[in-house]
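Undergrad: Sequence:
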Amino acid sequence: MVVEIGIRPERIEPGKPSQNGRHERMHRTLKEETALPPRSSLDAQQTAFDSFREEFNKVRPHEALGFLTPAKVYKSSKRTFPKKILEVAYPTHIVTDKVHESGFAQYGPHRVFFGNPFIGEVVGFEEISDRHCRLYFADAILGILDLYTSKVLKYQRLLYRID
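Following the numbering used here, the numbering of the sequence shown begins with 35 at its first residue and continues without gaps.
Derived from the structure by calculation, the hints contain no laboratory data. All C-beta atoms in this analysis are idealised placements derived from N, C-alpha and C, irrespective of residue type, glycine included. There is no bait here: all hints are sound.
Computed cross-link-like contacts, EDC-like style, restricted to lysine to aspartate or glutamate with a CA-CA straight-line distance of at most 16 Å:
hint : residue 1 : residue 2
1    : K185      : E161
2    : K106      : E88
3    : K132      : E160
4    : K185      : D164
5    : K132      : E155
6    : K65       : E89
Quick list of the computed label-pair ranges, beta carbon to beta carbon:
hint : residue 1 : residue 2 : range
7    : K188      : E121      : 22 to 32 Å
8    : D84       : E161      : 45 to 55 Å
9    : S136      : Q53       : 26 to 36 Å
10   : A174      : P51       : 19 to 29 Å
11   : S52       : L187      : 19 to 29 Å
12   : R94       : D180      : 45 to 55 Å
13   : K188      : G55       : 16 to 26 Å
14   : Q79       : E161      : 45 to 55 Å
15   : F147      : A69       : 25 to 35 Å
Whenever a hint applies, use it, and build me the whole structure from the sequences.
TA: Given below as structure tokens:
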């Protein structure tokens, strides 16, 4: 997963594609130009995707890029991809479990659904109060487990103002 190499996922609210408009717009255009209608074979479908990628990156100017193409502004990352991704390690106060084939991990009596992308990964549980437990993957906080209801709550970082 990308979190292990320092890439932070950004989430939008469900049903709010406007929070990620450029990305959603690209997917709409991709679908319109490559999959509606679907091609008659896998080779023909791949050809449609390859043509779209070529036009999108090298031919079509983008307003957000000052009407340049992505190929004109792309710069290779100076960061190198690791040859081996290290196993995730957690501080000793965090209880861990491996996400099972079902997509669930166990914390005491609580079965917590993490989903298919986490199958086989080690996740962490950190009790932060009598009622709440933070859910981690690597150093990313995925949510808060309500220990009274076994429901996963959205994690929101609270900001405190000190006068």
